[in-house]
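> Each chain, letter by letter, is given below.
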Amino acid sequence: MVKVDGKGNGTSLVQVRELDKKYQRGSEEIHVLQGLNLDVGSGEFVAFMGPSGSGKTTLLNLLGGLDLPTSGSIKVAGDEITRMSANKLTAWRARHVGFIFQMYNLIPVLTAFQNVELPLLLTKLSKADRKKHVETALAMVGLADRMNHYPRQLSGGQEQRVAIARAIVADATFLLADEPTGDLDRRSAGEIMELLDRLVHEHGKTLLMVTHDPRAAERAHVVLHLDKGVLVEGGAGGGGEA
Amino acid sequence: MAIPLVYNVRSVRQRWNSSVVAVLGIAGTVGVFVAMLAMARGFKATLVSSGSPRNAIVRRAGSDSEMVSAVSLDQLHVIEGAPAVARNGSAPLVSGEVVVIAGFNLKATGTVANAQVRGVSSKAIDIRDNVRVVQGRFFNPGLAELVVGRYALKTYAGFDLGSTVKFGGGTWTVVGIFDAGGSAFDSEIWCDANVLSQVYKRPQNVFQSVTARLESPAGLTAFKDALTSDPRLSVQVDRETEYYEKQSRGLTTVIRVLGFLVAFVMGIGAVFGALNTMYSAVAERAREIATIRALGFGRSSVIVSFVFEALFIALLGGVVGCLAVLPMNGFTTGTMNWQTFSHVAFAFKVTPGLLGLGIGFALLMGVIGGVPPAVRAVRRPIAFALREL
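Those sequence lines, one after another, are chains A and B.
Residues in the first sequence are numbered consecutively from 0, following numbering that gives the first Met the number 0.
Residues in the second sequence are numbered consecutively from 0, following numbering that gives the first Met the number 0.
In isolation and in its complexed conformation, chain A is listed as follows (with noise of 0.2 Å):
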């Protein structure tokens, strides 16, 4: 169930009311978002569209805890995150956020295997438990025999499908993906977001995303328009009914 009307019934996962973000440049002020009303149910693969300076990545960064709102509320999973401590918020965030960036954003003095591991050492696992799940994830994505190599040894798909691999290595609430194939080829795009959407349809994962690109938007559930700081429903993208 995804709704940009504010009337969802409490049962979302996430649920957005009357976000409103501005920005000072100078002495001039800018209204990002406004108003912003928004219910998105678990499991759900939620693509947000809009041009360039439309706040789609101020939105996410809002959903992730990164950034605060000028007012409004975000709860995610019952938790109001926009009222947290930053020590809060931070471990919230490790609890509950997997980001998945368009750069990636991989560290590059770390390997593959201790990228996709630093989600876990905010947890109590133990090195055994940790080493586990780091591998699971990388199988998952295609790159357990990558597990030794750095960033600059991968190309741009297999870097951000560690980074997919960071993201749900600690079994994250829900996932922020900005642009994940912004910075791909055509091909390598293709693989991330038939990845992305095994993640979804198979595993259950909650996926929220900002993209320019009509053919990720797609495999969307619903795909949501963001004009002038607005939420504006943009229909069914083709991975399933909104």
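A few of these clues could be false.
Stated by the list, open to error - Output of the computed footprint for chain A on chain B, the stretches with three or more beta carbons under 8 Å from beta carbons of chain A:
| hint | stretch |
| --- | --- |
| 1 | 291-302 |
| 2 | 379-386 |
Said to hold, decoys possible - Cβ-to-Cβ under 7 Å is the rule here; a few derived chain B residues that face chain A:
| hint | residue |
| --- | --- |
| 3 | R9 |
| 4 | S10 |
| 5 | Q13 |
| 6 | E287 |
Stated by the list, open to error - Covered by chain B, per the in silico footprint, the following chain A stretches (three or more residues, Cβ under 8 Å):
| hint | stretch |
| --- | --- |
| 7 | 63-69 |
| 8 | 81-94 |
| 9 | 108-119 |
It should be emphasised that the hints constitute simulated quantities derived from the structure, not laboratory data.
All values reported here derive from a predicted model rather than from experimental measurement.
Using N, Cα and C, we set each Cβ at its ideal position, and we do this for glycine too.
For chain A, the structure is supplied; the task is to place chain B on it using the hints.
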């Protein structure tokens, strides 16, 4: 949970060119710091090792050094009869001594430098167990003969065994070379006290100090109490080790203060080097830091991580600085003893304690150079930093 240390170690290696600048800056500072302290430590050790805890040195009351002291023969006899004085058979182990300063040509430069010539009794070598004749023999009482410390032999021209030397209006023959175990006596020239007084036309039977061998170190209290309460004497009594420790204090303090001052000034430069390295590390890795924070690592984890990185660089610098200064250990040089105005040879002493101090100093520079950039690393909003290239 902390960010893995391997992240910082590998980052330092990856950015080696900027890391090397900081490492060398810290290494240079630590090297100079440890070298200066090793010099002070060596000078102090040389003077302190001249004394023995079993020996007491008696001087006129109020005199800071032998140079300004006078003890008469009558007083010497009273001292010989004091309690706790060790004896060789029936002879008390007490040596009345006279010191003069004479100028000799340095072997290295040909210029004149002051040497301390010590007139002693024939018992002096029994009183000082760190002194032994290694070539030739000890002087014969009543003759113008010299025994020369091994550093004095190396330092001054014309003191080879068997050669004759003119000074103070007399002509002297070098009959022996002695080794005083690296103490200040190694820089001295010894002869018979009475002959030296005659040659320098000093009053006979007046000494500048009296050194007494005690039965045990604990005997000092009884010895000192007896002498200081004796109405025939007006003397000052010190354990020989304490006397030489006081003698070393002035110059040692100056060297140490200079060492700290130079290290402080250089340290400011090194800290700026470390700051520069760490600020550029933080700037270049803004997106990495933001990613790490996005994954759920807190501000404190990031600060600790970057301070650790600065400490790692500082530790490398400290180790390099200490290794660079290590070959100086035992290197002999000379300076003027401000108490006697004579040249004293001493060896740099690079001790484990000083190396530890050097490493500690390096780590301090690391903390000062690491904390501000680390704090800056976590101040930048994550959402903005994630967009950094």
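> For each hint, tell me whether it holds in the structure or not.
So, going through the hints one by one against the coordinates:
For a cut-off of 8 Å, the count of residues in the stretch 291-302 of chain B with a CB near a CB of chain A stands at 8, and the three-residue condition holds. Using a Cβ-Cβ cut-off of 8 Å, 4 residues of the stretch 379-386 of chain B lie near chain A, which meets the minimum of three, so the contact claim holds. Here the hint on R9/B is kept, as its CB sits about 4 Å from the closest CB of chain A, short of 7 Å. For the restraint placing S10/B at the interface with chain A, the shortest Cβ-Cβ distance is roughly 5 Å, inside the 7 Å limit, so the hint holds.
Against a cut-off of 7 Å between C-beta atoms, the interface hint on Q13/B holds, since the closest Cβ of chain A lies about 6 Å away. Look at E287/B: its Cβ gets to within about 6 Å of chain A, closer than 7 Å, so that hint holds up. With 3 residues carrying a beta carbon less than 8 Å from a beta carbon of chain B, the stretch 63-69 of chain A meets the three-residue requirement, and the given coverage holds. Look at the stretch 81-94 of chain A against chain B: 7 of its residues bring a Cβ nearer than 8 Å to a Cβ of that chain, three or more, so the hint holds.
Restraint check on the stretch 108-119 of chain A versus chain B: 5 residues with Cβ-Cβ distances below 8 Å, three needed, restraint holds.
The structure fails none of the hints (numbered hints given earlier).
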